[in-house]
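Chains as they are written, first to last, in the working numbering: chain A, 1 to 115; chain B, 116 to 230.
Everything labelled a hint here was simulated from the structure, so no lab data went into it.
Among the clues, some could well be false.
[To be verified] Quick list of in silico lysine to aspartate or glutamate cross-link-like pairs, EDC-like style, CA-CA up to 16 angstroms: (1) A:K38 - A:E26; (2) B:K216 - A:D55; (3) A:K3 - A:E26; (4) A:K38 - A:E97; (5) B:K216 - A:E97; (6) B:K130 - B:E197.
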Amino acid sequence: AQKVTQAQTEISVVEKEDVTLDCVYETRDTTYYLFWYKQPPSGELVFLIRRNSFDEQNEISGRYSWNFQKSTSSFNFTITASQVVDSAVYFCALSPETSGSRLTFGEGTQLTVNP
Amino acid sequence: AAGVIQSPRHLIKEKRETATLKCYPIPRHDTVYWYQQGPGQDPQFLISFYEKMQSDKGSIPDRFSAQQFSDYHSELNMSSLELGDSALYFCASSLRGGAHKDTQYFGPGTRLTVL
């Protein structure tokens, strides 16, 4: 069984603050993928990043960075210098490294960035 | 770049009616997935197909059926609709090879309302 936990239901910050969204996962698979998706108020699900379980190298993309630590089963997401447009629900997700397999989502974190 | 296309975008049905949702994957993508997202919830996996064969099956009600056609598009058929079926239905697609192997890209969703 797979499980993803996003303990932070809602986070509210002021523009330009840094914010970290936590994600902890459980899986019995030896190889797997981890993902982050963004769901803005318009409702679509936007892919942000995918990591393979064997690749613990952290990644930075502009204001976004991701910290993957297999030892603690965590895959945290940091937004630096947050902007109002970052306001959305962010989902962490997990799937086995088997083509066609389901994504198991966390419950999501509602991020509100206030001007 | 072309994205996943879903139709219709909005659908209103009465209880006990039937509904058909359509999904056109990103060109060259060979795998399609269906998810259901209730209000304030995370997306729940329903079913997936690769090369017209079922790849994975989640908590899809017996009243629902789905298939993938030779042009890779997919349809989700829903019968005897219930009030609880009101939700946002997402289709996603992925490719089994390449740099973005198995990354699921989501369509804009179909919002189904059952009255």
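Now the hints, each set against the structure:
1. A:K38 - A:E26: Roughly 21 angstroms separates the two Cα atoms, so the pair is violated.
2. B:K216 - A:D55: holds (15 angstroms)
3. A:K3 - A:E26: holds (5 angstroms)
4. A:K38 - A:E97: This hinted pair is violated, its Cα atoms lying about 22 angstroms apart.
5. B:K216 - A:E97: Distance ~10 angstroms between K216 (chain B) and E97 (chain A) Cα, so the pair holds.
6. B:K130 - B:E197: Holds, because 5 angstroms separates the two Cα atoms, which is no more than 16 angstroms.
The structure fails hints 1 and 4 (numbered hints given earlier, in ascending order).
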